[in-house]
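If you're matching them up, the sequences are chains F and P in order. Just so we're aligned, residue 1 is where the first sequence starts under the numbering used here, counting upward by one. Just so we're aligned, residue 1001 is where the second sequence starts under the numbering used here, counting upward by one.
Because the hints were derived from the structure by calculation, they are not lab data. Even for Gly, the Cβ is constructed at its ideal location relative to N, Cα and C. Misleading hints may appear alongside valid ones.
[To be verified] Which chain F residues stay away from chain P? Per the calculated CB distances, all over 10 Å, these:
#1 Gly2
#2 Tyr8
#3 Leu15
#4 Leu40
#5 Ala46
#6 Val66
#7 Ala71
#8 Gly79
#9 Leu91
#10 Asp94
#11 Ala96
#12 Leu99
[Stated by the list, open to error] Quick list of the computed label-pair ranges, beta carbon to beta carbon:
#13 P:Arg1647 x F:Asn88: 47 to 53 Å
#14 F:Leu34 x P:Arg1647: 32 to 38 Å
#15 F:Gly2 x P:Val1646: 32 to 38 Å
#16 P:Pro1597 x F:Leu25: 44 to 50 Å
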Amino acid sequence: MGPGTTWYIAVAAILFGIGTIGVILRRSPLIVLLSLEIMLNSSNLALVGFSRHFGTVDGQIFAICVMAVAAAEVVLGLGLIVAFTRRNMPLDVDAAMELRG
Amino acid sequence: MIVGSWVCLLAPLAGALLITLAGTHISRSTAAWISTGSVFVGFAGALVAFIQVAGESAEERSHLSTAYTWLGIGQFEVPMQILVDPVSLVMMMIITGVGGLIVWYSVGYMKGEDEERRYFAYMAFFVFSMLMLVMGGNLLLLLVGWGLVGLASYLLIGFYHDRPEAIAAAKKAFIMNAIGDAAMALGFFLLISKTGTLSYSENFEIASSGQLPTSTMNLIALGLLVGAIAKSAQLPLHTWLPDAMEGPTPVSALIHAATMVTAGVYLIVRTHEIFEAAPNVQHLAAIIGGVTIIVAGVIALVQWDIKRVIAYSTMSQIGYMFLAAGIGSYGYAMFHLFTHAFFKALLFLAAGVIIHHLAGEQDVRKMGGLKSVMPYTHAVFLIGALALAGIPPLSGFWSKDGIISAALADGGALGFTLVALGLVGALLTGAYTFRLYYLVFHGEPSDLVLEHAGGHGAGHAHGAESAAGHDEHGHGEGPFSMLIPVGVLAVFSTVAGFLVIPGLWEPFLHWIDSVAEPLVIATVAQDYMTSAIAVLLAGTGIWLARSAFREGEDLVPQGRLRTILEHKLYFDELYDALFSRPSQLAANLLREKVEEPIIQDSLGEIGDRVREAGSGTARLQTGLLRSYALAIAVSVVILVVVFMAVR
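Just chain F, with the same shape it has in the complex:
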């Protein structure tokens, strides 16, 4: 049978926490993007886990949608990083603070 649903959810929660901490603490935009991916995939894991638990495919379909969104998000994120380098800005998310009030 393999591990129960609880384990999947626990792993997903841990991954989500790691991802969140990464987004909050790390300053390199690349790492921030990576952390975002970890958060998205942790939610995918949770969706698939629940899907298996309830015996329906809804969660799996959602997971596929989330992957598509994640792919699009990476395109934007990488585009932003390219824009950073084009403007000779340091690769530091704290440097991009022009919109402060």
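Add chain P to chain F, keeping to what the hints say.
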């Protein structure tokens, strides 16, 4: 006849629309001729309708023609309809006939004026509005026409919109008329709320059946009377008419002498069943008319502006019409309206020829001796003046004396008072008319007259009403397009009176009687007796004016009386003190005590506070991406905790 009437109503509207839409694609003179032509087409339509209606028997002369439903609210419908009957036909022919002549005259008078096209579009629009007023087949359409003529009058008085006095006069006329319009609308609303119908015939049936209490009828009639007074410049809502002379002279002739100001008389004749159900109010109309005859007559004695003298004389003559309508002599009210339209338009247009000739000068003190310089104008003006004074056999004699004799036939304290007022009015009319005539035409030619006498070329064109019409060389006195209409009006002023010769031949009175049965009919003896006295008094007035002029004096000697008259009995000052200044004071007070401290400052305060709050919260926007992420994460955690706790 129905087709003719619709043509009569719609031709001037089409003319006005055409000029407006064509804009600068047509030349100025084309616009002038479109306007003139459309009004004359309307006259042709009215004439056709008149001939057909005249061929019918007296009982069947009232026709109601409905074009379509103008407004429909559930079961309640307001049809777009016209009423063609003897009274409206008389008005139609006066409006389009005299109106057409006056618009034709304007072709010469307004030549070279700025914005001629606008003027001619307004004139055609006025003729349409006035026709709407007299032809409208129900109460609401009457009110529509009533409002539209007020608008047209406002636009034309203020035609010289670069002159502050003209704008002030236009506003004054509009506000005074608005008072009357509101009173009249309230009267109609009350009537409609009681009867539930807009139709003339049904309303009049209910009014004359005595179903409604007298107090209600009094209120309704009073509302209509106030409307009529304001439109016809009777006391105490008369102060706008003399000021309205700021408009171009043909406008004064058409709107403020021949047609619009007589609308009040038409209203009383048209709704005479309502007034007859409220006899006190009808008598009030007669008294107001009688008092206006005297007041306007004495003020006219001291005026120096040629147009203002004629304007006061108009007020005075409409007073006669009100007097006649108020005692129920509807035929004579309409007859005086009819003859007055000719001789008063004639006087105004002749005055316009003089003003045009003298390049805009209107002060009679600067005129004099024009008789030898302008013989034609002198002749037609004299005809108009004699007709106005009521000298036989000219038209004013037949109509005015008929009114006085009707008042005599009415009898009683009221009747005799009105006879006295009418007779004194005849004396005053002779005096002020011929004071004007002698000042303008007799004596030594003044410098101004000599300056304009010989040289008739350019170079004299100065003043607001520039006399640029000289290039259309017709006659030494002005272009033909001005002199011909004046001549036609002079002919009609002479002969129009022969439609009523008491005791012998009274087709005009019988014509009106089929719509409005008179309440009083004078005997032939009364007629000729009052005529003799009135002519004697008018002759005395003329003799007084002549002898005063011979002695080089004015009719009213210097002194307190003259000062009072020169201030027009202080009506303007009174209204200023009663209404104008208190409302200005109140407005200033409200601005200083309410608007500035309370409304304006509180709004400013709200703005300041919002701005401060904004700059405070703006500090939260750090621009640091990671802090946003932290905020989101912390918020989510808090929300989760809260949801779990609440569950």
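Against the structure, the hints:
{"no.": "1", "hint": "Gly2", "result": "29 Å, holds"}
{"no.": "2", "hint": "Tyr8", "result": "19 Å, holds"}
{"no.": "3", "hint": "Leu15", "result": "15 Å, holds"}
{"no.": "4", "hint": "Leu40", "result": "14 Å, holds"}
{"no.": "5", "hint": "Ala46", "result": "14 Å, holds"}
{"no.": "6", "hint": "Val66", "result": "17 Å, holds"}
{"no.": "7", "hint": "Ala71", "result": "21 Å, holds"}
{"no.": "8", "hint": "Gly79", "result": "16 Å, holds"}
{"no.": "9", "hint": "Leu91", "result": "13 Å, holds"}
{"no.": "10", "hint": "Asp94", "result": "6 Å, violated"}
{"no.": "11", "hint": "Ala96", "result": "7 Å, violated"}
{"no.": "12", "hint": "Leu99", "result": "5 Å, violated"}
{"no.": "13", "hint": "P:Arg1647 x F:Asn88: 47 to 53 Å", "result": "52 Å, holds"}
{"no.": "14", "hint": "F:Leu34 x P:Arg1647: 32 to 38 Å", "result": "35 Å, holds"}
{"no.": "15", "hint": "F:Gly2 x P:Val1646: 32 to 38 Å", "result": "36 Å, holds"}
{"no.": "16", "hint": "P:Pro1597 x F:Leu25: 44 to 50 Å", "result": "56 Å, violated"}
When the structure is compared with the earlier hints, violations turn up for hints 10, 11, 12 and 16 and for no others.
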